[in-house]
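Novice: Given next are the chains, with one letter for each unit.
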Amino acid sequence: MKKLAALRFLIPLAAFLVLSGFLFKGLWMDPHQVPSPLIDKPAPAFRLTQVADPGKSLSRDELLGKVWLLNVWASWCVSCREEHAVLVEFAKTGVVPIYGLDYQDTRDAALKWLGTLGNPYQASLFDQDGRVGIDYGVYGVPETYVIDKAGTIRYKQIGPITPEILHDTIVPLVRKLNA
Amino acid sequence: MIAELGSFSLMVALAVAMVLGTVPIIGAARGNAAWMALARPAARALFVLVVVAAACLVASFLRDDFSVVYVATNSTRALPLRYKVAAFWGGHEGSMLLWVLILSLWMFAVSLFSRHLPQQMVARILGVMGLIAVGFLLFILLTSSPFERLIPAAEEGRDLNPLLQDPGMVAHPPMLYMGYVGFSVAFAFAIGALLGGNLDATWARWSRPWTTVAWSFLTLGICLGSAWAYYTLGWGGWWFWDPVENASFMPWLAGTALMHSLAVTEKRGGFKVWTVLLAIFAFSLSLLGTFLVRSGVLTSVHAFANDPRRGVFILLFLAVVIGGSLALFAWRAPKVGLGERFELVSRETMLLTNNVLFLSAAGSVLLGTLYPLFLDSLGLAKISVGPPYFDVVFVPLMTPALFLMGIGPLARWKQANLPEIGVRLKWAFGVSIVTALVLPLALGRWSALAAFGLWLALWIFASSLVNLWSRLRPLSDGGLMARLGSLPRGYLGMLTAHVGVAVFITGVTLVKSYESEKDVQMDVGDTVAIGPYTFQFEGVSSGNRENYSYARGLFEVTRNGKVVRTMHPEKHKFVAQSEPMTVADIDTGFTRDLYVSLGEAVGPTSWIVRVYYKPFVDWIWGGCLVMAIGGALALSDRRYRLTRTADQPALDATLSAVSPA
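If you read the sequences in order, they're chains A and B.
Residue numbering for the first sequence follows this note's numbering, starting at 1 and increasing by one per position.
Residue numbering for the second sequence follows this note's numbering, starting at 1 and increasing by one per position.
Simulated from the structure, these hints should not be mistaken for lab results.
Since the structure is predicted, the reported quantities are computational estimates derived from the model, not experimental observations.
Where is the CB? At the ideal position from N, CA and C, for every residue including glycine.
Any given hint could be a false lead.
To be verified - Have a look at the derived ranges for each label pair, beta carbon to beta carbon:
(1) A:Val18 - B:Pro400: 26 to 32 Å
(2) B:Leu443 - A:Thr169: 46 to 52 Å
(3) A:Gly159 - B:Ser516: 50 to 56 Å
(4) B:Leu5 - A:Ala52: 20 to 26 Å
(5) A:Gly151 - B:Pro604: 24 to 30 Å
(6) B:Arg559 - A:Ala45: 38 to 44 Å
(7) A:Gly159 - B:Leu5: 35 to 41 Å
(8) A:Ala85 - B:Asn560: 33 to 39 Å
(9) A:Ser57 - B:Gly444: 41 to 47 Å
(10) A:Lys66 - B:Glu538: 53 to 59 Å
(11) B:Leu449 - A:Gly140: 47 to 53 Å
(12) B:Val320 - A:Gly151: 49 to 55 Å
(13) B:Pro604 - A:Tyr139: 55 to 61 Å
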């Protein structure tokens, strides 16, 4: 009995060890990452005008048959600025066509942005009222989707794309989808 | 060169801390006086070295030395001087240096105010603190040096986060860290006592004032953080149960329990095991808070150090410090033994209940904060825990604690008499109930929640008054002020802090029950009514100031057709940041705040506008301030000065007779 009574002094230590186990695991998780319910679902349809030319429009179905990236951006978005340089470099490699979704922006500001920072996009869709963004479940800009030949969303990146993400995740995925 | 000097100074500090963390502790174990005597000079040297490093960082900011990464990311040339200094703790690396700076400041203070402590104890306390310093200095030097160079240097810095360019932010982190790190003293006392096996009343008497200072600073720090969130975030909220806020609140709860437990250990020699455990908990929760904020394991606006390497280091450090001290506790505590016996109805029981409640509260905050992490790491779900959980858990836990606050201070040690307490408090009880039932009617609308909250506040206030009155009678010699002056400061401090709690509860209750807010789109000339006030929007002007451009709204506030004042909420746009910042305009009053903030412009002259009417909101922070003042009062108690004249081995009978607190 006396032994058992002394054991209760170990309770705080035991509780702490369990807690540290969770904290350790927590270090390798990304609290911001919420899995998108749209993964492996058909990409929502859209028909939008292009930023560069209000006369030209583009729809989801026109992009069927190839693997492509949809990158949500806006001229008012701070972290897009960081990401943009990465995208401009990546576009030069021609691994995969990138289409932009200019989210809740004005045409003037968007064109000025592309003019100064470079344009990595085949075309940018002008989503002024953010409806298409809502269909895609965008809740923070930038976000990027990998969409396959059949028009299915295969991957969603929340937050800026970094060279590591391109190298480790997106490029291998695109290669696999193209194979 | 300045940055290198800072780095070098930290390296030397690390070497000193390593000596401090080993030699005096070994000396204490072996009874080697020369080794123990090293503790004080080493602690002072450490302090000087860290101050030099901190001065180097400040100098780098003042010289706009953008060849230092930390300066380049947290400052610009145009940054006003006061914020160049405060930018010191605007980012991760500087915050860590501030942590060490304050730790070494506490060590310096211990080295000064410990002349009458036994040499062994001083050696152990400073040694333990030295070991903590080793951990943090290593962390800074290996993963988070604020002195890292940027080559080639940047032309211009990236600016301090505009949210942090605020007077509240200048003071909030140092205050908070003074509290966090201050608990390291009580912790070191506890570890020292566990090592030496001398957990007696002297130990409790010595750690008590240190705990009280740390607690007062932490109270102020949390209060400043809350006030800052209220006026800078533009949502009118004062507490969000954000993980980072919780990280500072948990040590506060544990520290509050510790303060009360120390009272029992000092006065009655009881609760020793509890007190030691609480001292370990309070500091462990401070460290855990640092880990949660600095490692980025929880989603939060504050988590800017999302770097697993840093996280792993702090976690390892946590495991060593907390795990080590809990292991030491498990090993030594069974031999401590119990204190004096006490009856079921006694002040001891009430303080024990208080301890349990506060610790449960800290535990439930911890659970709520980490629950998303638990579920996520078990792969069960992604969830977030918000105010509904905390409100539901907190009110039932705090209600009995608040009720006891009225009774406890009147109860006798060892054995109290409930009927006698009942007789003494019947008026306080009756008056508080009646007033609480009627008062909400006077405020316009009766609500059970308002009545209940007000009753708790009034109960604490009335019973404190009864308590004070019983100590002042009879008023024969000298009159009221003389009697008041003759009461022990520790006792007055306790009453003051309790009244602070009552003020705080009043604020929380009335804001929760009677605040109103409106989100409206307004064009020039539009009006919106809230509470007894009407706001008329007169338009927006714009211009430039120091390092930002602004849009400034103009509102005319009227009450009963008379103009009360004009208000100017603003939007600030900083050059290096593209998101504008909302600066609400707040008209602060004793009984209410008026709060206006600008949302977004939706047309050439129309804006989204938020107006709030917040009755008694400032009582929330006023209450915290009163609590901290109570702490300061208790600290000025004469027995802390008296104990310096002699080393009392046990309870000083005459002192304990006059000061029950």
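Novice: Are the hints correct? Go through all of them and say.
Specialist: Comparing the hints with the structure gives:
1. Under the hint 26 to 32 Å, the C-beta atoms of Val18 (chain A) and Pro400 (chain B), about 29 Å apart, fit the expected range.
2. At roughly 58 Å, the beta-carbon separation of Leu443 (chain B) and Thr169 (chain A) lies outside the given 46 to 52 Å, and the hint is violated.
3. Distance hint check: the CB atoms of Gly159 (chain A) and Ser516 (chain B) are about 37 Å apart, inconsistent with the given range 50 to 56 Å.
4. At about 54 Å, the CB distance of Leu5 (chain B) to Ala52 (chain A) disagrees with the hint of 20 to 26 Å.
5. Between Gly151 (chain A) and Pro604 (chain B) the Cβ separation comes to about 41 Å, which falls outside the hinted range of 24 to 30 Å.
6. Here the CB-CB span from Arg559 (chain B) to Ala45 (chain A) is close to 55 Å, at odds with the stated 38 to 44 Å.
7. In this structure the hint that Gly159 (chain A) and Leu5 (chain B) lie 35 to 41 Å apart at CB holds, the actual value being about 38 Å.
8. The hinted window of 33 to 39 Å between Ala85 (chain A) and Asn560 (chain B) is violated, with their beta carbons roughly 59 Å apart.
9. The hinted range of 41 to 47 Å is not satisfied by Ser57 (chain A) and Gly444 (chain B), whose Cβ atoms lie roughly 57 Å apart.
10. Look at Lys66 (chain A) against Glu538 (chain B): about 56 Å separates their beta carbons, and that is inside 53 to 59 Å.
11. Separated by about 36 Å at the C-beta atoms, Leu449 (chain B) and Gly140 (chain A) break the suggested range of 47 to 53 Å.
12. Distance hint for Val320 (chain B) and Gly151 (chain A): a CB-CB separation of about 53 Å, consistent with the stated range 49 to 55 Å.
13. Taken as a hint, the range 55 to 61 Å is violated for the pair Pro604 (chain B) and Tyr139 (chain A), whose Cβ atoms sit roughly 29 Å apart.
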